[in-house]
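Start from the sequences, fold in the hints, and give me the full structure.
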Amino acid sequence: MRLYEHEAKQVLARHRVALPQRTVATTADEAASAAAEIGGRVIIKSQVLTGGRMKAGGVRFAESADEAREAAEAILGLEINGQQPMGVLVEQASPVAQEYYAAVTWDASAKRPVVIFSDMGGIDIEEVAEQHPEHLSRTHISNLRPFSDFEAKLAVSKVGVTGGGLGRLSRIVAALTRVFLEYDLTLAEINPIGRLEDGSFLALDSHMDMEEEARGAHAALLRDLGVADEDTRQARPPTEFEIAGAQVDAADTRGVAGRVVEFDGDLGLIIGAGGGSLTLFDAVRSAGGRPANYCEIGGNPSVAKAAGLAKLVMSKPGVEKIAVMMNVVSNTRVDIMARGVIKGVIEAGYDPAEAITIFRIPGSWEEEGVKILDRYGVEWVDRSVSMHEAAQRAVAKMQEA
Amino acid sequence: MAMFIRVDIDESVQQDADLRGRLAEVCPVDIFTIEGEGDSARVETVEANLDECTLCDLCIDVAGDAVQVVKLYEA
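If you read the protein sequences in the order shown, they are chains A and B. Be aware that the first sequence starts at 0, since it is given in numbering that gives the first Met the number 0, and climbs by one per residue. Be aware that the second sequence starts at 0, since it is given in numbering that gives the first Met the number 0, and climbs by one per residue.
None of these hints come from the bench; they were simulated from the model. Just so you know, not all the hints are guaranteed correct.
Said to hold, decoys possible - Lysine to any residue pairs mimicking SDA-like chemistry, simulated, CA-CA at most 25 Å apart: (1) K370(A) x C55(B); (2) K370(A) x V68(B); (3) K370(A) x Q13(B); (4) K70(B) x K396(A); (5) K370(A) x I59(B); (6) K370(A) x D7(B); (7) K396(A) x D381(A); (8) K70(B) x A347(A); (9) K70(B) x G348(A); (10) K315(A) x D7(B); (11) K370(A) x T53(B); (12) K70(B) x W364(A).
Written as structure tokens, this is what we have:
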């Protein structure tokens with residue numbers, strides 16, 4: 000779940016990161032009052048859970064309260080990437096001498112958090128990594144050892160920052176890293192950190208994403224920030240397909256057939272088990288396939304639930320085939336899954352033998368499941384075929400068709 | 000309509016009120032239900048739940064040969 004910029008800044012303030020004077024306004028008049036109170040030049044920023052605000056016209060400067068009112072009025076009515084702003088952040092505009100970038104995120108390959116720092120902030124960090132790699136450092140930190148401020152200093156010094164700036168920037172990066180670790184974030188970013196003409200540093204913009212499953216653990220923080228339980232805080236509103244997927248999951252307490260995310264491909268996916276969903280989704284993409292959806296199925300869902308998900312996926316326009324693939328299952332039963340997906344496919348009006356490109360769910364009750372698959376002519380493979388190979392076969396069938 | 004499992008209940012079960020009740024109670028996926036009351040009470044199967052059968056055999060443990068779980072996909 001994503002936090003708004005003003006919320007991310009509240010979190011930073013708790014960790015004593017210096018920030019510009021600022022106020023959240025939900026009307027143009029409030030923005031004008033805030034600008035008058037702050038005084039001087041202010042920046043008015045749309046509060047949306049998406050990037051590209053500057054390009055879309057969601058960030059404007061104002062020299063007076065009247066200009067702030069005008070800018071806020073325009074921004075409050077401006078939809079950015081399909082999102083209406085919840086308000087605007089009115090912030091003191093700071094005369095910046097240099098901009099820096101700092102972020103902490105997970106490195107999935109290294110399976111550890113990584114601190115990313117650059118002395119070229121304010122622009123796309125991907126562009127810096129590609130064109131100016133010497134201006135970007137990556138410093139992995141431990142999952143086990145307590146974080147040390149020295150590691151933040153290392154990250155900053157790697158790009159050549161020395162002197163007083165090194166100490167001040169290290170404190171900001173250390174605070175950002177502690178925020179990342181303390182609140183189970185998947186991304187904590189300050190871009191840019193501005194060095195002002197007087198040599199002080201301010202966090203000028205911030206972006207934070209919290210692990211969805213961590214919401215309960217950080218209920219107190221979210222309550223303080225004013226995040227309601229029903230507020231999903233996703234980067235975009237759920238599609239009808241995704242809402243229908245959530246309804247399938249909610250209709251039956253047995254097992255899980257959830258986290259349905261819609262994509263624009265043509266191969267429907269019924270995937271899951273022990274991290275299998277992400278692995279299999281990536282495997283399909285690596286093989287050149289175009290997934291129509293992502294989902295996570297497991298925990299021995301009922302036949303009705305598996306059928307509901309399969310029927311939903313097969314009912315998506317442009318989808319005529321699905322791949323049913325899971326990691327080796329223990330508590331999820333292969334026969335129940337086989338019954339469910341076959342039932343769903345038939346109810347959607349398709350022949351399982353044609354529509355199911357591959358069925359790869361090895362594990363408990365596999366023998367019974369195979370009887371069902373054979374009865375309906377569905378191609379299945381056992382655990383001797385890897386998840387990647389199964390995905391390749393599914394994609395090959397799509398390409399043949 | 001059930002696609003995978005059919006459950007046949009012998010008529011003798013309908014004469015035994017205790018057995019009817021235990022069948023309805025024992026099934027983890029509610030395949031059996033009691034319809035009617037008193038002398039007209041009967042145990043029937045719930046069509047929508049038939050394919051949810053987990054082949055646990057609890058109904059067979061209770062009723063013996065008087066209940067048959069037929070796997071339609073083996074036919």
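Each hint tested on the structure:
1. Distance check on the hinted pair: K370(A) and C55(B) sit about 17 Å apart at the alpha-carbon level, within 25 Å; holds.
2. For the hint linking K370(A) to V68(B), the alpha-carbon distance of about 16 Å falls within 25 Å, and the restraint holds.
3. Pair hint K370(A) plus Q13(B) does not hold up; C-alpha atoms about 33 Å apart against a cutoff of 25 Å.
4. Of the pairs offered as hints, the one joining K70(B) and K396(A) is violated, with about 31 Å between alpha carbons and a cut-off of 25 Å exceeded.
5. Annotation: proposed proximity of K370(A) to I59(B) holds, straight-line Cα distance about 22 Å (limit 25 Å).
6. As the CA atoms of K370(A) and D7(B) are separated by approximately 21 Å, the hinted pair is consistent with the 25 Å bound.
7. Note on K396(A) and D381(A): the hinted pairing holds, with a Cα-Cα distance of about 18 Å set against a maximum of 25 Å.
8. Pair hint K70(B) plus A347(A) holds up; C-alpha atoms about 23 Å apart against a cutoff of 25 Å.
9. Pair hint K70(B) plus G348(A) holds up; C-alpha atoms about 23 Å apart against a cutoff of 25 Å.
10. A C-alpha spacing of about 37 Å is found between K315(A) and D7(B), which places the hinted pair above 25 Å, so the restraint is violated.
11. As the CA atoms of K370(A) and T53(B) are separated by approximately 15 Å, the hinted pair is consistent with the 25 Å bound.
12. For the suggested pair K70(B) and W364(A), the alpha carbons sit about 14 Å apart, so the restraint of at most 25 Å is met.
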